[in-house]
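Numbering (the numbering used here), first residue to last: 1 to 497.
Please keep in mind that the hints were generated in silico from the structure rather than gathered at the bench. From a predicted model like this one, the values you see are computed outputs, not experimental measurements. The reader is advised that the hints may include incorrect statements.
Stated by the list, open to error - Derived pair list, reagent style DSS-like, types lysine-lysine, alpha-carbon separation capped at 27 Å: (1) Lys437 with Lys62; (2) Lys103 with Lys158; (3) Lys407 with Lys338; (4) Lys263 with Lys14; (5) Lys282 with Lys190; (6) Lys14 with Lys352; (7) Lys485 with Lys472; (8) Lys407 with Lys282; (9) Lys423 with Lys407; (10) Lys341 with Lys437.
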Amino acid sequence: MSELKVLNSYTRQKEVFTPITAGLVGMYVCGPTVSGESHLGHARPFITFDVVYRYLLHLGYKVRYVRNITDAGHFEEEGRAAEDKISSKAVLEKLEPMELVQKYTNLFHWAMHQFNNLDPSIEPTATGHIVEQIEMIKKIMEAGYAYEANGSVYFDVKKYAEHYPYGKLSGRVLDEQLETSRELDGQDEKRNKQDFALWKAAPPEHIMRWASPWGEGFPGWHIECSAMSTKYLGTEFDIHGGGMDLQFPHHESEIAQSTICNKHVPARYWLHNNMITVNGKKMGKSYNNQIKLTEMFAGTHPLLEQAYSPMTIRFFILQTHYRSTLDFSNEALQAAEKGLKRLWEAYEHLQKFPDNGQATASDKELDARVNSLIRELDEFMNDDFNTAKVLANMFELVPVINSIKDKHIPAGSLSSGTMTLLKKYFRDYLENILGLKNETLHEDGKLNGVLDLLIDIRKEARTRKDYATSDKIRNQLQQLGILLKDEKDGSVGYSFQ
RNA sequence: GGUUCCGUGGCCGAGUGGCUAGGCAGAGGUCUGCAAAACCUUUUACAGCAGUUCGAAUCUGCUCGGAACCUCCA
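Sequences are here, hints too, so could you generate the full structure?
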């Protein structure tokens, strides 16, 4: 089997993945800012890196997957008064930041579970690591790469760039052009425009604040990831993931901070997923085109023609390579929904096939083709997690599975060994690696009993050629979302829509 | 303006020098009491121009169009 190769944003090259410690992988992925509801665009990195996580586990690595919750910074909720000093109920009426953070954290977790994402090993919060962040800032100041101004602390990017390759990750150079373009409005505490905040002094009305050596304030955005990744994964770890839009300035700043504190670029492999777009434009606040996940699941957004289930969205995302942009459209989502259904039904049929007991395949050519399609799955995953190609191969196997099911080709066409391998790979890939699952509920024994009865009555009607009755049963069930399927062997199957 | 990336058939989307991607949709057929599903067959491609090469969607240059980042951003 080939080795896992990943496209490392830091070197812009596809590299063989070799963990720092054999058998162990440390992976840090930038998590959500829980000041609002997640939208479709947010789903992409968490599904992408869930598959990375699952694949590493599948390869036998012990993985520590750390994904933070950003719950510090500016927080406010629309439609809610910040503070009412007059009201006697002031304590209850006023915005309690942790309440807000809890609400959106819960909602985020709910969405992640809907997507069947595995929980990270550690999910640290920024507010739970203020001490670590302050310590790190102190170290950077001691090293002479940060300065204080009016209770805020800034990282000295210009000085850093003189000694280290600032901009390597994001591919930008801190040249004179930037220098000259800086505009110093009198208020600016920064020495240079490109300096970024490590600590911000809290204005009186700011509700989130912590004591620090520089006065009351709150941490800068970038320092939390550096502090938490260092604490849980060490000064140098294997994989750092996140959206491409975080490459600059967020990840570039993380590199600068960790380089000063820990003498290391924090991670060896930097993986970035691309954006989800709407009509070619990135889904995000600035374009006012974001569709919340709750709206996706419920179909309640003007852009949506229908609701899309979590698995449809997951499949939709996995049908393209994670480094390509993915354009949202109803047509594409509907295509994904149908495609997933077809693939999943074939998978369910496959798992029910009995062992055919054929030591050798009766159709050697087909047997060889099936084997080759199966073995390519590992090659594709090893090639920078090419889930699009994995799914394409699986779709090529669908007609083979369905033909065996419908007895268009004999079960013995494939050898027993190939059949076993096919079952194993479909289960491994669909459920364990791609993380798909059955969304329809048919666990209700009573309902199944009723359906069996209806199917029985319909069967009798059909024998009598009483098609009015048989069609009535089928049509009315269909209206309820239950689809009857007359199989070739005379049996009747059903599926829930 | 700077940096980087992209432009594939009706839609979505793989593919980076020669070999059918795949899904959805369309057409024809098989099966079926009819239907659905399934199976078989099948139409429409590589933004434009020039170059390199025996050969380019794939490499080079130019043109046109679009995007991301440079400010919070998944």
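Quiz item: Checking against the hints above, which ones are violated?
Solution: The structure breaks hints 2, 5, 6 and 8; every other hint is satisfied.
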